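Protein chains: 2
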Amino acid sequence: MIRFMLVGTATAALVAAVTLPQPAPAAQSFESEQATLELETVADGLEHPWGLAFLPDGRMLVTERPGRLRVVDRDGGVSEPVSGVPEVYASGQGGLLDVILGPDHAETKRIYFSYAEPGEGGAGTAVARARLDLDALALRDVEVIFRQQPKTRGGRHFGSRLVFKPDGTLFITIGDRAERERAQNLTINRAQVIRIRPDGGIPRDNPFVGVEGRLPEVWSYGHRNAQGAALHPDSQKLWIHEHAAQGGDEVNIPEAGKNYGWPTIHYGEDYGGGQFGEGTKKAGFEQPIYYWDPSIAPSGMDFYTSDKVPAWTGDLFVGALAFRMLVRLDVEQGRIIHEERLLEDVDERIRAVDQGPDGSLYLLTDAPDGRVLRLTPAPKEW
Amino acid sequence: MIRFMLVGTATAALVAAVTLPQPAPAAQSFESEQATLELETVADGLEHPWGLAFLPDGRMLVTERPGRLRVVDRDGGVSEPVSGVPEVYASGQGGLLDVILGPDHAETKRIYFSYAEPGEGGAGTAVARARLDLDALALRDVEVIFRQQPKTRGGRHFGSRLVFKPDGTLFITIGDRAERERAQNLTINRAQVIRIRPDGGIPRDNPFVGVEGRLPEVWSYGHRNAQGAALHPDSQKLWIHEHAAQGGDEVNIPEAGKNYGWPTIHYGEDYGGGQFGEGTKKAGFEQPIYYWDPSIAPSGMDFYTSDKVPAWTGDLFVGALAFRMLVRLDVEQGRIIHEERLLEDVDERIRAVDQGPDGSLYLLTDAPDGRVLRLTPAPKEW
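For the protein sequence lines, the chains are A and B, in the order given. The first sequence runs 1 to 382 under this note's numbering. The second sequence runs 1001 to 1382 under this note's numbering.
I should point out that these hints are in silico values taken from the structure, not numbers from a laboratory. Careful: at least some of the hints might be erroneous.
Simulated restraints, written as ranges between beta carbons of each label pair [what the hints assert, rightly or not]: (1) B:Gly-1273 - A:Val-209: 54 to 60 Å; (2) B:Thr-1187 - A:Asp-57: 55 to 61 Å; (3) A:Thr-187 - B:Ser-1029: 43 to 49 Å.
Partial list, computed: chain A residues near chain B (C-beta under 7 Å) [said to hold, decoys possible]: (4) Leu-37; (5) Gly-279; (6) Thr-280; (7) Ala-283; (8) Gln-287; (9) Pro-288; (10) Tyr-290; (11) Tyr-291; (12) Asp-293; (13) Asp-307; (14) Ile-337; (15) His-338; (16) Arg-341; (17) Glu-381.
Only a predicted model underlies this, so the values are computations on that prediction, with no experimental measurement involved. C-beta atoms are modelled at their ideal positions from N, C-alpha and C, and glycine is treated no differently.
Make the full structure from the sequences, and use the hints.
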């Protein structure tokens, strides 16, 4: 197999894509509890890739955190940057973040992406949509549909993952911008799941529509910094995970209007070991359905819906930054009944996890020379 | 603090208890996620202690697997063996196993205990009840109320934990006696949760009463070898855990008439690595609510119902033999949302876990010179 790759630069956006042959890295094999795994590098040379979306033709859109959007083909060819991406605040955890296709992509070519937007006061998470012109490698009709208010200084806790609800509304996870003291304030955008219409409007059935002192775009709150989100394949409910401080990363199933606790209740400690908040449980606050202590620093997630590995069907895969691994959470009847830790020997920060149309799992590694990895499982014989 | 202990012998049952002073072992302190723990040795010199029950006066009944039942007082005094225990098959995993008080103990002094009973064909799990005469250190009116049929040779997989349901019926966990090929056969007693009346009669509402080819004492089945059982403090449902072969120890909430899979579906492998069965999921078979892979070899369990450590209230504590530790499973709304591993440095096989009337956890270590340990948690400051 021959792979092709081009490392683009931000200033070469209009240069036609050129591909250079590159030797294929050997696939690595791993044994896991329920499957034999083959891991291949699909593409490399990506600078801190963050979000991944599959195009109908099998190619991928990949964001690079410094502010570039690229098209990666199945054989590893990496395009020049797509033009038209708004200016991003590329500092700390900020930059160009998630990307997904619109539900009407086949007709409209629309994509949706999140980013740290610079502006008065500092930066905040924003979400835009645009039409993708693949021939010209350009975004057209870019519209900002959501802006986290107010902006603030510093480069921490932007979120942000994007998931369409089956009703056509859009979920956006936003972090607390490292402002713990404002994380329960519903007059501003901190530590929330946001739900908006694809044009930025407010769905009438959002939980706080018409409620004094609560922003109408808020779906749920008390989420410190969620960098993973996906729809459960059966229930069609949103699942997210979120980073804790020191200990207590959570998986939650955010329901309308509910409070997931941060920083009033949580399962961790402050960095360095101090206690804060009011414990782990309190009336009026929701419990997670799973938590990690110590923190693994989760990022990216997807459900495995293929039936190629029956033992995996319905399982949740989560990337881990600090713990440098891929986690399989065995999900049965809405419960997480087991955790398996995979690819620890690969020793990469896993930023994103998405099942591809081929039933493989695609991973992004968070590194200056980041990669797209393809993990293909084969079931064990029974 | 001064502790007293007497190591009795099986032939000295009628000798009056004598206590000898013994220096108190120092308490050890441990930090855990949500509590600071103090661990003390209450009593030692017990030969493979297996089951533990608290008497109304604060003393404990402790079984020793070779066939002795002893009374242990709060200061570590260990009585001579209680007389009247039936002959047990004390080989391999067999012997005198669990002990609990009857729900009517205050009036009747009844206790219930399980053991491997020798007999035609080998041995099988049996359950007896008796009146406990503490003054004479004797069992009176011993009645066998359950016998696993048929008996078979070998010393593996007897179960057996005893739990009274709030309706006054008795749950008994029995293992498959290492007869995997008969573990789904409902015309014999293998790999089941049994439910009987305290006198051994069959409750009329058992799921297979009147069902051809299914024994009426069976509550649920497909449980390989359950050595832990407790009632959930809120739902009052039975929870159990069970040993797998290699990988896949399970926690289940056995419901009437349901099939928990062994050996048709399971999450492990055969010893040495071969596959058997039909995978991890199948219609008509229940999923566990949690599983361990690799196997920890769980034994003993209890829910923590005290409010002294609010973060622990409702949590499930499980002993581990092979992994030599105590597991805390954080239980919220009927889900296990986190596992914490405790006392790994203590490096003991933990056979039994029971919350005492003082809100401490009492543990039995499985060793020729086994101990009763008291684990007292103090909440962290918030």
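### Query
Quick check: which numbered hints come out false for this structure?
Hints 4, 7, 13, 16 not satisfied by this model.
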